[in-house]
Every structure is written in C-alpha cells, then in structure tokens.
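Chains as they are written, first to last, in this note's numbering: chain X, 475 to 603; chain D, 22 to 576.
Be aware that one or more of the hints could be misleading.
Beta-carbon label-pair distances, calculated as ranges [stated by the list, open to error]:
id : chain 1 : residue 1 : chain 2 : residue 2 : range
1  : X       : Asp-597   : D       : Ser-403   : 55 to 63 Å
2  : D       : Arg-154   : X       : Gly-590   : 20 to 28 Å
3  : D       : Ala-125   : X       : Glu-576   : 31 to 39 Å
4  : X       : Pro-545   : D       : Arg-109   : 32 to 40 Å
Derived from the structure by calculation, the hints contain no laboratory data.
Backbone N, C-alpha and C define an ideal beta-carbon position, used for all residues, glycine too.
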Amino acid sequence: MTAREVADRLRHDLGKAIVLSRRWLADGASEAELQAALRDDVLRTRRGPDGVMSAFEVWAARRGEVVGVFPEHGAVRVIDAAMEALSAERAAIAGEGPVAAELLTRLAERTDAVEGACRALVDAARGGR
Amino acid sequence: MAQILVIDDQDRLIGLCRRALPDHGFLGPARTWPEARSLVRAARGRVDLALLDVHFDLPSDQLIGWRAGMSDAETDALRRRQGLEILRLLRREWPDLPVVLTTARDDLPPDASAADDAEDLTFFLDDDRLDARVIRGWVERLSARRREPEAEGPVFFGRSLIMDRVRSRLVVVAGGRLPVTLLGPTGTGKSLIAEHVLHRRSGRSGPFVALDVSTIPGELVAGQLFGAARGAYTGAITDRIGAFEAAHRGTLFLDEIGNLSADAQKLLLQVLEEGQVARLGETKKRAVDVKLVVATHEDLAARVRAGTFRADLWMRLNPSASVVLPALVERGLDLEDVARFCLGRALERPYLRELLAAYRDRVGCPGEGVRLHLGAKVPEPSPGDVFVWVPERVVRLLRAHSWPGNLREFSMTLENALLFALAEASDAGPGERADVVPLRPRLVRELLSVAASLPKAPAAPPASDRDDDEHEPSPSAPAPPPDPRRFEVFVAPQQTLNDLSQSFERQVYTELFRREAGSFAKMAGVLTGSEEHARRVQLRFNQLGLRVRELKASP
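Please build the complete structure, drawing on both the sequences and the hints.
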C-alpha cells in the first residue's frame with residue numbers, strides 16, 4: 475500500500491470514527507451524554523456485521539503498517555500517547571457511573587489529538603509534509 | 022418526514038441519524054449494492070435522499086467490480102472506492118435520487134474517476150463536518166426540493182431531475198420583466214405554467230389574459246390583440262379593447278405564437294418596443310405594462326432561419342431565457358405523482374362526483390371521503406372512504422405507453438379510465454370490496470391500445486404556410502375524412518353508464534374491424550398486445566351485438 479492509502483485508511487477507520495459520536499452531540503449536551511458519546515467513540519469505534527472494535531484494537535491492527543510508512547512522523551507518537559492515556563481511563567469511559575467533567579474534557583481532547591494526528595498523516599502523504 | 026437510505030458497512034452513522042433526527046425515517050444500513058437496491062425497491066422508489074459511505078470493508082466476493090485473480094492491493098483499492106461503484110449503479114436505476122457521499126471530494130482515492138454525471142444530485146460532505154445539524158440541513162433542503170412539486174400543483178408536480186431544472190428556471194424568469202417563451206411538445210402544460218406559475222409568481226397585480234393564436238382567424242388576430250376602434254373593419258360596431266389592454270399590469274399569454282401572421286408579428290414587435298398599443302383604426306397610443314408569455318410547440322428558431330418568423334420579434338421574445346418543457350415520457354419518475362394529480366383533479370369534476378355518489382348509494386357505502394391508492398395491494402379499509410385503486414400492473418402499463426399527447430392525453434386517459442371504472446364498478450360481483458373502485462388493467466390496456474393504434478393527428482401547418490381562407494372549407498373541396506380517433510356516444514334519458522360504455526366499445530370494435538379487414542387476430546394484437554387473444558376479442562365482439570356479416574356488408 476502507498477503512504478496515502480495507509481493514511482487514508484487510518485483516518486477513515488480511526489481518525490474520523492474516534493470523534494464521530496461526540497460531533498453529533500447537540501450544543502449544551504449533558505456530561506452523561508458526553509460520556510456516552512466517548513464510550514461509543516473509544517470503545518465501540520467500528521461497529522459492523524463483523525462485530526465491534528475499540529479504538530485500541532483499530533490502532534493495534536493498523537499501527538504496524540503506519541509505522542512502516544511513516545517511521546519518523548510525530549503523529550505516531552501523538553496517537554501512541556493518546557491511546558495510552560485513554561486506555562488508562564478505560565474503566566471510567568466504560569463505566570455507567572458519573573465521571574468528573576474535567577476528566578471527560580481531557581479524554582475528549584485525547585480523541586481530538588488522535589483525529590488531528592491521523593489528519594496530519596494524510597496531509598503528509600498527500601503533500602510530502 | 023423524509024425517507025433516507027443509509028448505505029454504509031458500519032452501523033454507527035445510521036444509529037446517530039436515528040437518535041438525532043427522530044422525525045425522519047431511515048432505511049438500512051445497506052452494506053452492499055444488492056441490499057441498497059432491495060431497500061429502495063421495497064420503498065417503491067420513495068426515498069428522498071441517500072447517505073453513502075465510500076470505503077466499504079467487505080469480503081472481496083461482495084465487492085462490486087471484484088473479479089477472481091485480483092491482487093490484495095487491487096481488492097483493497099476497490100474497497101476504498103466501493104461507494105463510487107454503488108453510486109454508479111444507484112444512478113442507473115434511480116437517476117434522480119439525491120446522494121450525499123460522506124466524504125470530502127478531496128478525500129476520494131486518487132484512482133477514483135469522477136463520481137457521476139448527475140453533479141447537481143451528488144453532494145460531498147466532509148465527514149469531519151458531519152453532524153446532526155449538518156445532516157438535518159441537507160435532509161431538509163433536499164427533501165423540500167423533492168416535496169416542493171406537490172405544493173406547486175400540476176406543472177411542478179413530480180420529482181424528476183428534468184422538471185427540477187424547469188422549475189428552477191421558471192422561478193427565475195417569473196419575476197423578471199422580460200418576455201418568457203415556453204417551448205415543448207403539445208400537451209405538456211404550457212398554458213398551466215403560464216397561468217399558475219409564471220403569472221402567480223410574477224407579483225403583478227393585473228389579470229392573467231390568455232389568447233390562443235391558432236384558434237383565431239388570421240384577419241381577426243390583430244383586433245383581438247390590440248383592440249379596435251368602431252368601424253376599423255367590417256363588423257367592428259363598437260370600440261373594443263384588445264388583450265394587451267385587458268392584461269395591463271398583469272400577464273398576457275399568447276399560445277401558439279408561431280401562428281401569428283406577418284402583419285400581426287410586425288404590430289406585436291412595435292408594441293414590445295414601445296410599450297404602447299394602438300387600437301386598429303386609431304392613431305392614439307395607450308401605454309401598457311404587460312408581462313408577455315408566449316408558447317409554441319414549433320421550433321421558432323428554425324422558423325426564423327426559414328424566414329417565416331421575424332428575427333427581430335424572436336429576439337424581443339427573449340429566446341435565451343426560453344423554458345423547454347419535457348415530454349411526459351422524459352419525466353419518468355413523475356408518472357405516479359402526475360397520475361395522482363390527474364385522478365385527484367378528475368375526481369373534483371362534478372359529473373364524476375355525482376357518479377361516485379351514485380355508486381356509494383348503490384353499493385351502500387356511506388361517507389364522503391375518496392382516496393387514491395397506487396400500489397400492488399388492495400388498500401386497507403378506512404371507514405367512510407372509497408378508494409380509487411390504481412394497481413401496480415396499471416402503473417406499469419401507463420409507464421410503457423409513449424404518451425404522444427403528453428400531459429393532456431395522460432389526463433384524459435385517466436379520466437376516461439375513472440369513468441369506465443365507475444361504470445364497471447356498478448356491476449361489481451360478489452366478493453369484491455364495495456369501497457374499492459379499481460382501474461382494471463384490461464380497461465386501461467384497451468384505452469391505451471386504441472389510442473396507440475390510431476393515426477396521429479397531423480401537425481398544424483404554420484400560419485404562414487396556409488392561406489387565410491383555409492379556415493373555412495372551400496365549397497368545392499372534398500370533405501375531410503372522418504377522424505378515426507373520434508367516437509361519439511349518444512346519451513339518452515335513463516341510459517345507464519354500462520350502456521354508454523358498450524356503445525363506446527362498439528364503435529371502437531367496429532372501427533378496428535374495418536381497419537384490420539375483419540381479422541380478429543390483428544384486432545387482438547391492437548387491443549391486448551397479443552394476437553393470441555383473437556378468440557377473446559371475437560367473444561367480446563359478439564357480446565356487443567356486432568355481426569361479421571353485417572359489418573362486411575356495410576360500407
């Protein structure tokens with residue numbers, strides 16, 4: 475696969491999917507709604523006839539080919555770091571109980587970071603940046 | 022409520038749509054082209070919008086365009102552009118369906134060709150920006166575009182792309198000051214458009230005045246258009262205003278403008294240039310503020326080239342902004358909607374309302390409601406309602422017909438079908454629902470077969486190609502042959518509709534018998550589409566009381 479194909483696929487499978495539900499939240503959504511959206515985005519990132527994949531599983535499945543094509547790109551480190559942070563709060567994301575608003579905001583920022591990194595890889599593949 | 026089809030290999034988008042837009046219906050997700058096709062067919066084409074993903078992670082054997090021997094890389098590339106493959110097939114079956122691709126145009130794979138030709142129906146929506154508000158905006162804008170025709174009545178009625186374009190153009194030209202020229206085959210609704218669209222949307226306070234130039238003897242046209250002073254010509258016994266003055270501050274619609282004589286063309290040009298009109302026989306000029314709409318089924322540009330229509334007048338008629346109305350057959354997707362409209366309008370006619378009321382009394386079906394139902398299945402009963410049911414087979418017959426007379430022919434055929442259906446319903450047998458009046462395929466087929474088999478009316482020659490005295494038959498000229506499409510039904514007191522129907526049938530059978538030289542096989546070919554039905558046709562022939570010997574003996 476070319477660099478662009480690798481980057482496009484990662485953006486499609488992970489970058490867009492990890493912020494999808496949150497983007498659909500109405501203005502003024504409650505913390506519970508934000509938490510539910512994050513749960514969908516991070517733990518049920520891809521959902522189709524073959525089952526459910528979390529963002530961690532998607533990244534694990536794609537990381538090898540991404541690193542192969544973009545060995546030095548900072549975006550890979552950004553995604554790695556974000557995944558680590560999200561994974562550390564996995565229980566909070568999955569839990570039904572209330573989560574502090576601050577934490578929710580931080581987690582949302584991590585998903586934004588993943589999305590931004592995926593986009594940076596696409597830009598790099600297209601423009602050689 | 023809009024009906025939206027989601028074509029996506031994943032479940033998340035449709036889930037979000039359903040939660041965020043509960044007032045709309047969502048079909049799917051269709052994960053493959055066959056699934057999408059099945060869903061649209063099951064919805065009988067009534068889908069307002071499709072949301073289509075581009076990248077589909079499907080097993081290779083489910084990919085459109087996949088073939089054995091493709092490499093993994095080729096298969097992967099096919100997955101990444103699978104949405105475009107689906108779009109191509111979708112367009113082939115439903116060319117007018119608006120489709121939103123949930124990707125930015127720039128994100129299409131580099132090897133993807135242009136998405137499709139229907140650029141004004143295919144939209145790219147960067148899924149970075151895809152959210153409930155954006156989707157709601159798209160859904161409401163696009164479905165309103167497709168619903169608008171229903172609110173606009175007969176002319177705008179429909180959802181075809183071609184009418185969509187006509188509609189957009191009409192809206193623009195309606196508000197302008199310049200003349201509007203409506204072109205297109207006969208029967209396409211030009212006069213309806215002039216009155217119900219162009220005049221209504223013009224914002225003008227004056228009246229709508231229509232003049233069909235083809236129905237007025239050449240020497241009288243100028244007087245009708247511009248008015249005449251007393252004594253201006255033989256028979257002008259009082260001053261009279263013309264159509265231009267009558268339409269002051271309103272709209273003047275001149276139908277069949279191609280029939281204007283050379284003199285009338287010259288006068289019309291003067292009025293358009295000066296904005297003033299002088300009655301025949303007067304020198305005084307009166308200012309007129311008129312929105313002029315003209316129509317013709319002729320190719321006026323060709324007439325200009327041939328020198329039979331003034332080029333300067335043609336230019337004044339603002340040809341660059343002409344609106345061409347499509348033939349009915351070009352409006353494929355509109356047919357069912359137009360059928361609903363025509364039947365609805367027919368049901369407002371007093372004589373059919375009376376027939377329907379009489380039918381209700383006869384079959385003991387109280388109430389006043391009447392509903393139209395197009396579809397394969399008999400409609401569910403609804404208390405107080407009578408259904409006029411157009412079965413799916415009849416819709417197919419209507420679709421298969423070429424409709425040379427366009428909307429006018431279509432409307433008359435359906436009105437006739439309704440009339441005969443009500444007549445037949447009076448003889449409905451046991452076991453049939455009294456609250457359902459079906460338009461039976463046999464009846465519609467008969468009406469269409471007769472219409473299709475008979476010679477077409479010759480096109481009227483342009484005014485300049487004929488002498489004025491052609492308006493009156495010359496005493497020495499032979500009488501024109503009877504129009505073989507014309508049948509007469511004599512209504513006698515106390516006569517039943519069944520009698521009328523049979524009288525009509527007898528005329529059709531007699532005419533066909535003569536034309537086909539007594540061959541029942543050929544008659545069956547015309548009436549039913551198959552010569553194998555000769556026996557059935559002969560049986561009906563006998564039932565109608567027609568006799569071969571008598572017909573062969575008569576001239």
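**Q.** Hints that the structure is at odds with (numbers, increasing)
**A.** Violated hints: none at all, because every hint is consistent with the structure.
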